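*Asks:* Spelled out, the chains give:
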Amino acid sequence: MNPRRIAALAHKEFLHILRDPRSLGMAVAIPMLMLVLFGFALSVDVDEVPMVVWDQSRSHASREFVSRFEGSPYFHLVGFVERPEELAHALDTRQAVIALVLPTDFAERVETGRRVPVQVIADGSDSNTATIALGYAEAIARIYGQDTALAELHRQGARLQAVPVEMRPQVWFNPDLESRNCIVPGLIAVIMMVIAALLTSLTVAREWERGTMEQLLASPVRGRELIAGKMIPYFAIAMFDVLLAVLMGQFVFRVPLRGNVALVFGMGAVFLAGALAMGMLISIVAKSQLLASQIAMLTTFLPAFLLSGFLVPIKNMPWLIQMATYVVPARYLVTLLRGIYLKGVGLEVLVLEAILLAVFGVVMVLVANAKFRKKMV
Amino acid sequence: MLREHPVNLAVSVRELEKRFGAFVAVRGVSFDVTRGEIFGFLGPNGAGKSTTIRMLCGILAPTAGQGTVDGLDLRTQPEAIKSRIGYMSQKFSLYQDLTVEENIDFYSGVYRIPSSQRAARKQWVLEMAGLIEHRRRLAGVLSGGWKQRLALGCAIVHRPAIVFLDEPTSGVDPISRRRFWDLIYQLAGDGVTVFVTTHYLDEAEYCDRLGLIYRGELIALGTPQELKTTLMRHAVLELTCDRPEDALLAVEQLPGVHEASLFGRAIHVVVDEAEAPQAALASALAQCGYGVERLERIEPSLEDVFVSLIRARDSAAQPQAEVRQ
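From first to last, the protein sequence lines stand for chains A and B. Once you know that position 45 of the first sequence is 378 in this note's numbering, the rest is easy, because the numbers rise by one and skip nothing. Once you know that position 166 of the second sequence is 280 in this note's numbering, the rest is easy, because the numbers rise by one and skip nothing.
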């Protein structure tokens, strides 16, 4: 490894980037665009679920019941319907995701203390929203039931003040259960994986396509010098991307960063070394820019997106797929960043993930170096 | 040929072979290049010129055979060879989006030119290539001749003892070609060995020694003069007459004529011996009504030599091919 030679290669690569403003723009714009797009759009929070009501009872009691839903932040009453066709139409056209049907004898049954069947119809085509909305609806109905039961007991002279057991939930790390707080740190990991591999996947292939590789092969440059020299400028760009992402997390998404900021950048750097080397490896093997960029997208985007635990918890996956996630490096960075951001923990908890990331980096660099042969075929 | 001491040989290869799957690109090639000479490697496209030069530069591993470049073994010391040689590949491998100076700086970094010499070497390359005024222009916008001289400059910025040039003048105008050959002479004058491939026969005349490669095999080796006098088994007559295109067809039919081809307005006729057919040819043409202006024996050009060698090789190979079918 000769520092002069690495410097010459890094300088040359840096000039290539400078002379091609489009690629430089891409290197900065794509991560920002993805962060904005996914950061805002990928909210799994459920609130203001549109709801219609078919109140067949038209009584004081039924209005009181419906007002409980109206007062909740989770539902938004879009209107009343009178017939089953209207109800179906509202769900078909997605004016409403949930519909309440109150029977004609709602008030009588409540007053006489009998069970009241209230039908809740949910649009299951969005199963996540439907499940959560049904949960909320059930909770509201249960509280209404408790309240009316207590009121009845009270009227009869009982001295019972409340139900005996009352749960007081307290959520740690993300008290408002904002999905954005969970998504943004994970998103930084996914974006880094994709952009880093994409950036370097073009560099070696480009030299093959333009014929300049032949000249380099006939020079005394060593494979590891070439890999190191080419990675340096892209490493700088990718670290700049990390900085931008962290700043956006702070000031655009307002995600709390409770842990050590230096650790975020340190782990980002270890991860990037591996991801950039992976891009180099793809480029070395593919020898064509088009093929290399496609392989890079395929091998980074989908695994990082689906198998890193960023969107779907790994514990919910089938056993075989869970095993597969161990070789997805983004998985470790997602865990690390969420830990540092939300829990404020450091290496004392996350040391295993940090070690595995370092292993990933070392393996990628070694394999890229081994695959690069200074021959034309 | 007298075997010289290997130290005096810039390049020495024996039975060099390169296969790509079933295809044999280079077969059983053996030759020596003495230090300080301009060695021309001549052959049609696809004959194996580039494959051979790439093996010599250590970027293709030979399938069989052995050889040395600057006294170093081709098979075991390719990386050591790479720091002693300069190589200019067929496409001018410059970075088009870098300026003239940046290209030179890059290669002086790659070849680790000591910083005390860098400025002087850069100046030397710029002067040699005539690019002093264009040093800050992008390499991509330079004309062909300039690009070619810049590529040469980048390949020899580290003062290698041996330079390999793969078709350096293809696709460049004649004046630039002439200037480029002046540079090659200048290098040879400084004691540099130049190994150059070409398919231009006029360039072959500028070389000290030549090797002719055809279908992967070396079919002739020697100085241009040796090739013209010893390798040509037949005599060449130059014929000037009326309607040379029609006359060519007639001449080819005559007995004792091996081949005939147009050379400008004249016809070159390859015959067994010079004296007997000369008279017969003249009378035969006169009978057919072609007025003969001039008919005399000439020294064969390199083109005559190579055309005749290649045709001889093809006619020897053809019966084999038929038997195989």
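Note that these hints are calculated values from the structure, not bench results. Errors might be hidden in some of the hints.
[Said to hold, decoys possible] Derived DEER-like restraints, expressed as beta-carbon distance ranges:
no.	chain 1	residue 1	chain 2	residue 2	range
1	B	GLU319	A	VAL695	56 to 62 Å
2	A	LYS704	B	ARG250	52 to 58 Å
3	B	TRP238	A	PRO354	53 to 59 Å
4	B	GLU319	A	LYS708	32 to 38 Å
[Unchecked claim] If you only want the chain B side, here are some residues facing chain A, beta carbon under 7 Å, derived:
no.	residue
5	ILE173
6	ALA175
7	LYS196
8	TYR201
9	SER207
10	ASP211
11	LEU212
12	PHE220
13	ARG226
14	SER230
15	LEU256
16	SER257
17	GLY258
18	TRP260
Quick caveat: nothing in here was measured; it's all calculated off a predicted structure. From the three backbone atoms N, C-alpha and C, an ideal C-beta is built for every residue, glycine too.
*Asks:* Give a verdict on every hint.
*Replies:* Right, here's what the structure says about each hint:
Look at B:GLU319 against A:VAL695: about 58 Å separates their beta carbons, and that is inside 56 to 62 Å. In this structure the supplied range 52 to 58 Å is violated for A:LYS704 paired with B:ARG250, their Cβ-Cβ distance being about 38 Å. Between B:TRP238 and A:PRO354 the C-beta distance comes to about 34 Å, which lies outside the given range of 53 to 59 Å. Look at B:GLU319 against A:LYS708: about 35 Å separates their beta carbons, and that is inside 32 to 38 Å.
This hint holds: B:ILE173 has a C-beta 4 Å from the nearest C-beta of chain A, less than the 7 Å allowed. A cut of 7 Å between beta carbons decides the hint on B:ALA175: the least distance to chain A is about 6 Å, and the hint holds. Hint on B:LYS196 holds. Least Cβ distance to chain A is approximately 5 Å, under the 7 Å limit. At about 4 Å, the closest approach between the beta carbon of B:TYR201 and any beta carbon in chain A falls short of 7 Å, and the interface hint on this residue holds.
Satisfaction of the interface hint for B:SER207 is found here, the shortest Cβ-Cβ separation to chain A being roughly 4 Å, below the 7 Å cut-off. Against a cut-off of 7 Å between C-beta atoms, the interface hint on B:ASP211 holds, since the closest Cβ of chain A lies about 4 Å away. Annotation: B:LEU212 was flagged as interfacial toward chain A, and the flag holds, the nearest CB pair being 6 Å apart, inside 7 Å. Hint status for B:PHE220: holds, given a least beta-carbon distance of 5 Å to chain A, under 7 Å.
Given the 7 Å rule on beta carbons, the hint for B:ARG226 holds: about 5 Å separates it from the nearest Cβ of chain A. For the restraint placing B:SER230 at the interface with chain A, the shortest Cβ-Cβ distance is roughly 13 Å, beyond the 7 Å limit, so the hint is violated. Given the 7 Å rule on beta carbons, the hint for B:LEU256 is violated: about 15 Å separates it from the nearest Cβ of chain A. With a least beta-carbon distance of about 19 Å to chain A, the hint placing B:SER257 at the interface is violated under the 7 Å criterion.
The beta carbon of B:GLY258 is not positioned within 7 Å of any beta carbon in chain A (closest approach about 15 Å), and the interface hint is therefore violated. Interface hint at B:TRP260: violated, since its Cβ lies 17 Å from the closest Cβ of chain A, which is beyond the 7 Å cut-off.
Hint violations for this structure: numbers 2, 3, 14, 15, 16, 17, 18, all remaining hints satisfied.
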